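**Student:** Chains as they are written, first to last, in this note's numbering: chain X, 7 to 311; chain L, 7 to 311; chain F, 7 to 311; chain V, 7 to 311.
These are calculated hints, taken from the structure and not from any lab test.
Be aware that one or more of the hints could be misleading.
Identical chains share a label here; the pair holds if one copy fits it or two copies do between them.
Subject to a maximum C-alpha distance of 25 Å in a straight line, what follows is the list of computed DMTMM-like cross-link-like pairs (lysine to aspartate or glutamate) [stated by the list, open to error]:
#	residue 1	residue 2
1	Lys251	Glu192
2	Lys251	Glu63
3	Lys251	Glu225
4	Lys300	Glu115
Quantities reported herein were computed from a predicted structural model and do not represent experimental measurements.
Protein chains: 4
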Amino acid sequence: MGRGGERRAIALANPGLNGRPFATPTLWAAIQYLMPGENAPEHRHTQHAFRFVLEGEGVWTVVGGDPVAMRRGDFLPQAGWNWHAHHNATRAPMAWIDGLDIPLQYITEAQFFEFGRDEISEAEQTTPERSRSERLWGHPGLAPLAASARPGTPGSPLLAYRWEQTDRALADQLAIEREGYGGTVEPGHAAVRYTDPVTGQDVLPTIRVEFHRVVRGAETAPVRETGSSVYTVFDGSGTVTVGDKSWSVSRGDLFVVPSWQPFSARSQAGGSDSDSGALDLFRFSDSPVFEALKLNRTLTEGNTK
Amino acid sequence: MGRGGERRAIALANPGLNGRPFATPTLWAAIQYLMPGENAPEHRHTQHAFRFVLEGEGVWTVVGGDPVAMRRGDFLPQAGWNWHAHHNATRAPMAWIDGLDIPLQYITEAQFFEFGRDEISEAEQTTPERSRSERLWGHPGLAPLAASARPGTPGSPLLAYRWEQTDRALADQLAIEREGYGGTVEPGHAAVRYTDPVTGQDVLPTIRVEFHRVVRGAETAPVRETGSSVYTVFDGSGTVTVGDKSWSVSRGDLFVVPSWQPFSARSQAGGSDSDSGALDLFRFSDSPVFEALKLNRTLTEGNTK
Amino acid sequence: MGRGGERRAIALANPGLNGRPFATPTLWAAIQYLMPGENAPEHRHTQHAFRFVLEGEGVWTVVGGDPVAMRRGDFLPQAGWNWHAHHNATRAPMAWIDGLDIPLQYITEAQFFEFGRDEISEAEQTTPERSRSERLWGHPGLAPLAASARPGTPGSPLLAYRWEQTDRALADQLAIEREGYGGTVEPGHAAVRYTDPVTGQDVLPTIRVEFHRVVRGAETAPVRETGSSVYTVFDGSGTVTVGDKSWSVSRGDLFVVPSWQPFSARSQAGGSDSDSGALDLFRFSDSPVFEALKLNRTLTEGNTK
Amino acid sequence: MGRGGERRAIALANPGLNGRPFATPTLWAAIQYLMPGENAPEHRHTQHAFRFVLEGEGVWTVVGGDPVAMRRGDFLPQAGWNWHAHHNATRAPMAWIDGLDIPLQYITEAQFFEFGRDEISEAEQTTPERSRSERLWGHPGLAPLAASARPGTPGSPLLAYRWEQTDRALADQLAIEREGYGGTVEPGHAAVRYTDPVTGQDVLPTIRVEFHRVVRGAETAPVRETGSSVYTVFDGSGTVTVGDKSWSVSRGDLFVVPSWQPFSARSQAGGSDSDSGALDLFRFSDSPVFEALKLNRTLTEGNTK
């Protein structure tokens with residue numbers, strides 16, 4: 007098996023895309039598994055990428071020599087042109103979502119790729135509690151002054167956004183709403199965007215990533231946006247409506263919202279199927295592309311329900 | 007005594023500024039005290055301001071109806087044109103540094119001022135552990151999506167940068183340096199900049215705020231910059247050199263570095279005079295003014311020592 | 007014939023693009039003809055477009071009710087979402103290049119389209135010497151203050167860049183070079199970029215447009231860039247090299263430079279085949295897309311000749 | 007007489023500024039005369055500056071070795087840190103307005119100054135019809151591609167904005183208004199802003215420069231802005247109102263509008279006192295400083311007349 011094949015991934019192929027193995031016209035999504043003891047060799051590419059962990063823990067990504075632990079709910083951006091490799095140090099397989107802008111860069115012929123070292127060092131195979139990137143960039147509102155701590159390429163230098171923080175931020179928004187103040191997108195709908203602490207902008211130049219929490223019984227207002235999104239049901243269950251179609255979703259489901267199709271979600275999550283008692287949706291989209299090119303449009307319809 | 011006089015502050019008057027009660031040509035610095043039970047009534051002004059707590063705890067600032075607790079080492083930005091008031095709920099007086107861009111706005115005739123309510127509500131006199139601003143904006147790299155959570159005026163929506171985070175960020179940088187990696191400004195010199203999470207830029211449009219930690223025995227390379235700075239020795243002791251003058255400093259001292267004067271600091275901090283075993287310097291400057299107007303210049307001299 | 011078919015255009019279909027009628031992965035190029043007395047009805051679309059006149063004069067474009075005359079060598083940008091129509095008032099057919107970002111907007115599903123009025127008014131069928139857009143925005147370095155003169159959509163409000171100006175700008179650069187000063191890209195190679203006077207940036211958010219003049223005997227250094235270009239030989243003749251292929255070109259030829267293929271041109275233009283005695287190349291590319299997404303790379307090789 | 011004194015200038019000293027020889031808190035304005043054959047030696051400074059010619063012609067400024075002719079009505083920006091000198095080749099004295107941000111840079115301690123060559127070369131003492139800067143940057147909407155043509159410092163690379171262009175742009179706006187379209191600020195009030203063609207922004211980083219033409223009988227609506235302005239009556243006559251004071255003005259008068267004072271002008275210009283039959287006002291202000299620091303406010307009152 008060639009080196010490039012050592013990553014074991016199942017790509018989502020949108021049947022609306024004429025046989026191309028892409029989730030949307032600009033985005034690639036795959037479920038990637040790594041077996042115990044397995045490595046994925048080091049390489050780098052211009053494609054922007056991320057991992058979002060669905061199950062398991064103990065694998066880590068080594069980015070520029072900095073080992074980053076991965077655990078369920080963690081979001082790990084991988085900005086283009088950084089060296090990276092994976093290693094699974096646990097006895098169980100792990101599963102995560104790989105998201106990349108492969109179709110965009112393929113179509114526009116922007117892509118470059120290079121192989122790295124065959125082996126990562128022993129020091130890189132340890133799993134520290136916090137990566138160096140988190141120690142430098144993981145303190146809210148505090149940026150290191152050192153030039154050596156600044157990223158050399160576009161995209162976030164913070165290599166892990168931990169589930170505890172995401173979960174707490176969402177819970178905080180809902181608590182503030184209950185206290186009578188703003189902070190949620192709409193009643194019962196909390197949401198955060200993963201951002202690059204250097205710029206406050208999207209975590210990756212071409213991919214927007216968000217986490218939405220819809221409390222049991224709430225329903226989001228239909229929104230139309232130019233650009234396509236991939237959603238993953240991280241926890242809970244409910245009904246989603248895309249255009250004129252509705253269907254039930256539950257933990258582990260993935261679905262796509264095409265450009266300019268109205269999307270809404272109704273939460274039926276309960277204590278038995280959700281840790282948070284809510285419908286927890288992980289979302290990524292190509293919105294930064296549309297905004298950078300000034301092609302973005304949004305229309306939020308009144309929630310007439 | 008008029009309403010405006012109810013804030014008890016001792017302004018630093020730089021003798022080089024021809025009798026004007028300013029710390030530097032653009033910056034105002036004052037030590038403000040609030041006695042037990044005392045209030046400072048609500049007002050707002052276009053001047054950008056901050057508080058940095060030197061001693062005590064228990065006072066809070068109410069910003070836009072959001073009470074924010076204050077404790078030693080906390081940094082609290084107060085972007086222009088937000089309503090704010092103070093209340094001291096403890097039995098002890100409190101002391102903090104007030105920093106503002108009063109001279110700049112006075113000279114350029116940019117200032118506006120309005121009185122607010124005479125009394126703040128009872129709900130605003132409670133002291134929650136975390137302000138709403140911290141619950142919305144205090145999670146590293148996570149931005150709330152809600153329009154209602156976005157600030158209406160320039161400057162950081164995060165109203166408190168807690169000492170625990172600052173202290174830990176500095177300790178992390180020094181630990182990474184000891185492990186053999188970059189992350190510090192120079193050997194033994196860790197530093198963070200307080201940033202606006204919305205933009206990643208300076209916490210206030212006209213004032214840069216940083217915290218520097220110099221380990222015992224280390225000395226920083228002389229740096230010249232256009233623009234003026236005010237330094238406060240938060241902890242520890244050492245020797246500072248500004249231009250061709252040197253002097254000893256220790257906890258509580260304030261001093262000014264004028265434009266284009268080379269500045270360096272040597273740490274003599276030890277276990278008996280510093281919690282961190284280092285010289286801890288809080289700094290604010292008018293650098294964003296120079297950068298916005300493209301008048302900034304910096305020259306770092308080789309540390310020939 | 008339906009309304010949409012009333013534009014008579016011959017699209018360039020790049021054989022490397024699997025049968026799609028596109029010039030490059032992101033750009034559409036067509037030669038459009040309008041017969042005497044013919045109109046093209048009013049419509050608008052989100053696609054950014056331009057016209058560059060190859061032959062004839064007397065046609066005009068009506069943009070937002072402002073009639074703009076068209077003559078050989080004129081460049082007429084048509085930023086997305088502005089109403090526009092054409093009318094040919096002369097006795098001769100006219101030919102121009104239509105350039106659009108159709109493939110980009112098609113692939114990303116960003117496109118919107120609307121029909122406008124069936125007929126344009128009689129006042130709009132006159133041909134003033136200068137359009138209102140030129141009278142408002144055509145004075146170098148002078149911007150109108152009026153809000154009503156500001157464009158409502160992204161892209162240049164200047165609707166015509168006249169050949170006299172382009173020709174003179176190129177001649178000026180070459181004259182300055184002969185006087186011993188800089189100003190040309192390299193010896194014998196003058197070039198201008200069409201810019202939006204509001205921003206100084208590219209004339210359209212997704213399309214870069216330039217005009218290059220290479221004097222007889224000169225050869226440009228090979229340049230590699232991410233992104234694709236379409237070139238038109240406006241005047242003169244020469245040899246172009248794309249990757250490892252070279253071929254002769256002369257007035258009226260069109261060719262494509264794919265992403266990351268080195269490109270150079272050698273001028274063999276003389277008095278008999280060129281008004282300027284030089285190889286005059288009109289170029290458009292998708293470079294702004296790559297720059298906005300931070301995917302741009304450029305490599306200029308030493309001209310080893 | 008020392009070298010620095012060889013410039014013969016009469017500075018405007020605003021009596022409201024406590025004896026400082028400044029026109030406004032941030033701006034310096036002076037009338038400068040150069041006698042026949044006189045030179046002003048080469049120097050450079052960080053202060054941004056400009057010249058606006060009131061009378062005469064034949065002098066030129068040499069900027070970076072590029073001689074620029076000066077004639078009545080011409081506007082010549084001089085961005086900071088560029089070498090420059092003057093020479094008067096005619097038999098008559100010349101008069102122009104010098105505008106600089108001296109007070110701003112003095113107060114903020116941002117200023118640097120260096121002397122240049124004692125003599126300028128003979129080649130620099132010729133007066134070409136168009137400077138190299140105009141040949142490179144004076145074609146509307148066309149930017150040279152060459153790196154050597156790009157300015158190395160902030161501020162416009164176009165060194166002369168000729169009166170013919172300014173005059174025509176204003177006449178064009180008024181003609182478009184008469185044809186029933188927008189384009190003027192308000193009825194009978196045309197205005198242009200001098201801009202940097204590289205950015206489309208203000209011609210100098212700290213100084214905004216505009217030219218306003220008010221037709222006979224028209225009156226401008228009162229406007230309040232943060233920041234101070236200096237006006238010169240280039241031609242015509244009228245009545246100006248600043249705050250609650252009004253007075254008559256005519257050709258050659260200078261006056262100041264302080265921060266946040268409402269300003270309006272009524273034109274009484276006629277054929278006998280104005281080439282254009284209008285009140286022609288040249289204005290410069292410190293607005294870019296306020297905008298860069300996000301301290302700008304504007305209030306346009308209804309013209310109740």
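**Student:** Please go over all the hints and tell whether each is borne out by the structure.
**Tutor:** Each hint, compared with the structure:
no.	hint	result
1	Lys251 - Glu192	within (23 Å within a copy, 52 Å between copies)
2	Lys251 - Glu63	neither (36 Å within a copy, 53 Å between copies)
3	Lys251 - Glu225	within (16 Å within a copy, 59 Å between copies)
4	Lys300 - Glu115	both (21 Å within a copy, 14 Å between copies)
Hint compliance for this structure: hint 2 is the single one not met.
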